[in-house]
Amino acid sequence: MTVTEDAPAASTAPLEPAAPALAPAGLAATLGAGDHKVVGRIWIISSLVQLVLVGLAALLMAAEKIDTGSLDVVGDDWLAQVFTYRSIGGAFLFLLPLTIGIATAIVPLQIGAATIAFPRAASLAAWTHVIGSGLVVGAYAIGGGPLGSDTDGVRLFLVAFALVLVAQALAWICIATTVIALRAPGLHLTRTPLFSWSALVAGGVWLLTLPVLVTMTTLTYLDIRYGDAGGIFGGGAGSAYDRISWVFTQPTVYAFAIPALGVISSVVPVFAGTRHQRHRLALGLIGAFGALSIGAWAMPSFGTERQPWLYEIPWIAVSFAILLPFFGLLGLWALTLKAGHPTAGSPLLFAGVAGLMLLVGLLAGAVQAVEPLETLVDGDAAASLFGTTWTTSVASYIVLATAAALMGAAVYWAPKIVGGMCPEVPAKGVALLMLAGTVLWSFPDLLAGLFGQAATPSTLVDNESTIEALNIVSTLGGAVLTLAAAGFVALLIRGAASREVPGDDPWSGHTLEWATSSPPPPGNFTTLPEITSEAPLYDARHRTEEVSA
Amino acid sequence: MATATATAVSPLVTAPAPPVRRPRVLLVGAALASGASALVVLSALAVYLQVRGDRIEGGTTTLPEGVVLPLTPGNMGLLTLSMSVITMAWVVHALRNDDRTHAYLALGLTLLFGAAFLNSTAYLYQQLLMGFDASATAALLYIVTGAHLVMVVAAMLFVSVMAFQAFGGQLTGRDAEGMSAAALYWYVTVAVYVVVWYGIYITK
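Chains A and B, in that order, are what the protein sequence lines are. Position 526, counted from 1, in the first sequence is what my numbering calls 679; the numbers after and before it change by one each time, with no gaps. Position 28, counted from 1, in the second sequence is what my numbering calls 46; the numbers after and before it change by one each time, with no gaps.
Wrong hints could be hidden among the right ones.
[To be verified] Simulated DEER-style distance windows between Cβ atoms:
id: 1; chain 1: A; residue 1: Ser686; chain 2: B; residue 2: Glu75; range: 34 to 42 Å
id: 2; chain 1: A; residue 1: Ala639; chain 2: B; residue 2: Gly77; range: 40 to 48 Å
id: 3; chain 1: A; residue 1: Leu629; chain 2: B; residue 2: Gly149; range: 49 to 57 Å
id: 4; chain 1: A; residue 1: Ala650; chain 2: B; residue 2: Arg42; range: 36 to 44 Å
[To be verified] From chain B, some residues computed to sit far from chain A (all C-beta separations above 12 Å):
id: 5; residue: Arg42
id: 6; residue: Ser55
id: 7; residue: Leu63
id: 8; residue: Tyr66
id: 9; residue: Gly84
id: 10; residue: Leu87
id: 11; residue: Asn93
id: 12; residue: Leu97
id: 13; residue: Thr98
id: 14; residue: Leu130
id: 15; residue: Gln183
id: 16; residue: Val212
No wet-lab data here; the hints were simulated from the structure. In this text, a Cβ means the ideal position worked out from N, Cα and C, and glycines have one as well.
Given these sequences and hints, build the entire structure.
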């Protein structure tokens with residue numbers, strides 16, 4: 154006889170699943186998004202909006218330079234604003250945000266991670282950047298900017314610019330941490346895909362540069378706010394652009410191009426149909442390029458004029474040394490293409506344009522470091538090439554080459570970013586427009602610098618007619634670049650609006666981002682292939698072919 | 019009579035699988051953030067040293083007439099932060115050994131040392147008797163020490179948040195990564211102060 158009761162019979166009815174939580178949709182989903190793909194799109198859209206304004210400023214400056222004797226187009230009041238917005242907006246409101254956007258969207262996919270590191274911080278960085286960039290534009294609109302005439306506008310610009318820099322630094326922390334700490338099992342650091350590796354290297358370089366720029370911006374603000382008696386830098390807003398413009402000269406300007414190396418290295422093996430040659434060597438070369446582009450030590454506030462031996466010799470050495478890793482990468486890309494059977498896809502065309510323009514920019518940068526070379530100006534007015542439009546042309550080549558690479562990246566990864574493929578033939582047309590536009594825009598500036606045109610708007614002392622003719626060609630180049638930019642935006646819109654499902658892997662890619670659907674689901678992956686090399690999908694595809702053979 | 023059904027355990031069952039090693043996301047992020055923060059302070063210090071050197075070469079005093087830079091607050095700050103390095107390491111060690119009593123004690127001491135450092139810097143500002151815009155060197159001295167103060171406050175906030183996690187039982191001997199990340203940021207903050215102390219107080 155039992156002394157305990159039998160346990161009551163358990164219910165055999167299946168448990169009803171809990172009602173699914175309501176997922177936010179529409180604007181609420183975008184505002185509160187922690188999904189790295191949504192955050193990446195926020196950065197990209199912000200950069201494209203700024204591209205319109207930057208393009209307009211660049212065209213106005215180019216048109217102004219046609220007649221160097223007067224200010225017919227922009228006028229004296231707006232010249233400083235347009236001049237500085239072209240460079241600051243182009244670099245920090247268009248190019249870097251586009252880089253960050255593509256890296257935020259693609260890097261977690263490429264390394265097999267479910268999300269980006271610190272997703273809330275990534276979202277905070279994106280929205281802080283949107284607000285900061287809006288304030289920068291607002292500051293310019295009220296006569297601010299670093300060389301503005303309105304003191305309140307200058308102060309607003311400095312605060313807004315510092316906000317933009319802090320947001321970008323936070324975004325790079327998220328991207329770099331993702332590559333270091335969230336790689337899929339089996340994906341050692343030496344097997345990291347080259348675009349993700351370049352994002353890590355770029356993140357490291359920018360985390361060494363942006364804090365210095367934040368400090369300079371803050372010091373300049375305090376100088377203007379409190380420096381009536383002379384101040385930290387001698388007082389006045391005239392020094393504000395000097396504290397920022399070092400970023401647009403070598404070696405720091407080369408840091409913008411680091412992700413371009415990663416994009417080219419990702420696209421070339423896919424369209425060659427073979428592995429990237431000497432993957433580990435390519436990792437080292439991209440790392441070396443990044444290390445040589447760290448340039449905060451060369452900024453003027455650190456006494457470069459007083460101790461030329463400490464700064465000039467390393468500056469010249471770096472200007473030449475940075476060619477070595479780039480030539481190494483060029484060789485590896487050529488070997489990869491030779492080892493495979495290249496197909497002329499639009500991403501490969503963009504990569505080719507970017508590589509060619511980078512080569513020209515780096516070579517021109519090395520030439521301007523040769524001290525005895527002077528401008529072709531008569532008499533005592535002859536000066537070093539540095540400080541002429543040769544210098545701005547070097548920056549233009551680097552920036553436009555990177556822009557071409559990032560456009561190619563957006564077209565290549567469009568299935569993952571916007572969920573659809575960009576039309577191939579128009580994409581090739583945009584690539585060719587970028588090539589023509591970059592050459593027409595930047596090469597005349599190289600020659601104009603050789604003939605003595607200063608980087609900042611000023612009166613010419615010699616070769617006036619030659620320089621004005623070159624400036625006309627440069628303005629035409631600007632028009633071609635405008636067409637290319639409009640074409641790129643149209644490509645992305647077509648890709649996003651496309652109803653055709655592109656499939657998981659339309660390019661027969663080699664890395665993990667192609668092992669999930671297009672667009673990827675939340676959490677990115679349901680399963681991952683076995684990772685035994687830097688090209689796991691290439692390995693899996695060849696294993697399947699061997700088995701079926 | 020109910021009979022219990024014994025569940026036989028095979029002698030071939032292996033030990034349970036080791037826990038999946040968590041990637042050190044917070045530690046890596048803290049390392050990057052501490053490097054970036056350090057650079058902000060150190061670049062301001064570099065400009066301060068540059069401007070001070072220019073004034074010395076120009077034959078003028080680095081600080082306004084009649085202003086003396088007291089050494090005591092700076093030295094006391096260095097000693098205080100040095101002790102906080104020991105207590106911070108004690109926190110991490112105690113948490114890793116699940117010694118919660120000592121972990122909470124060390125946390126309290128660390129935050130107390132941080133507050134003491136803030137107090138000594140406030141005392142320095144009071145003793146300086148010079149305005150922010152008295153001279154370029156004066157402004158930069160306030161900027162450098164003020165930027166470092168922001169780092170200390172950020173470090174104290176980080177440690178406090180991790181302390182709450184420890185109180186809530188989230189940080190244990192098996193997983194004390196959060197406190198390790200806070201400790202790393204703390205150590206970098208102290209290292210930056212050593213450089214600032216040398217640049218401002220020793221080489222003045």
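State, for the Cβ atoms of Leu629 of chain A and Gly149 of chain B, whether the hinted interval 49 to 57 Å holds or is violated. 56 Å, holds
Status of Gln183 of chain B, Cβ more than 12 Å from any chain A Cβ: Gln183 of chain B is indeed farther than 12 Å from all Cβ atoms of chain A, at 16 Å.
State, for the Cβ atoms of Ala650 of chain A and Arg42 of chain B, whether the hinted interval 36 to 44 Å holds or is violated. For Ala650 of chain A and Arg42 of chain B the Cβ distance comes to about 42 Å; the hint holds.
Compute the least Cβ-Cβ separation between Val212 of chain B and chain A, then decide whether it is above 12 Å. 19 Å, holds
Beta-carbon spacing of Ser686 of chain A to Glu75 of chain B - inside the hinted bounds 34 to 42 Å or not: 59 Å, violated
Over 12 Å from every CB of chain A: does Leu97 of chain B meet that, or does the non-interface label fail? 28 Å, holds
Chain A versus Thr98 of chain B - minimum CB to CB distance exceeding 12 Å, so not interface: 26 Å, holds
Does Leu130 of chain B clear chain A by more than 12 Å, comparing its Cβ with all Cβ atoms of that chain? 29 Å, holds
Beyond 12 Å from every chain A Cβ - status for Leu63 of chain B: Leu63 of chain B is in fact no farther than 12 Å from some Cβ atom of chain A, at 9 Å.
Given a hint of 40 to 48 Å, does the C-beta separation of Ala639 of chain A and Gly77 of chain B actually sit inside it? 60 Å, violated
Confirm or reject the statement that Arg42 of chain B sits farther than 12 Å, beta carbon to beta carbon, from all of chain A. 6 Å, violated
Is the nearest CB of chain A more than 12 Å from the CB of Ser55 of chain B? 7 Å, violated
Checked against the numbered hints given earlier, this structure breaks hints 1, 2, 5, 6, 7 and 8; the rest are met.
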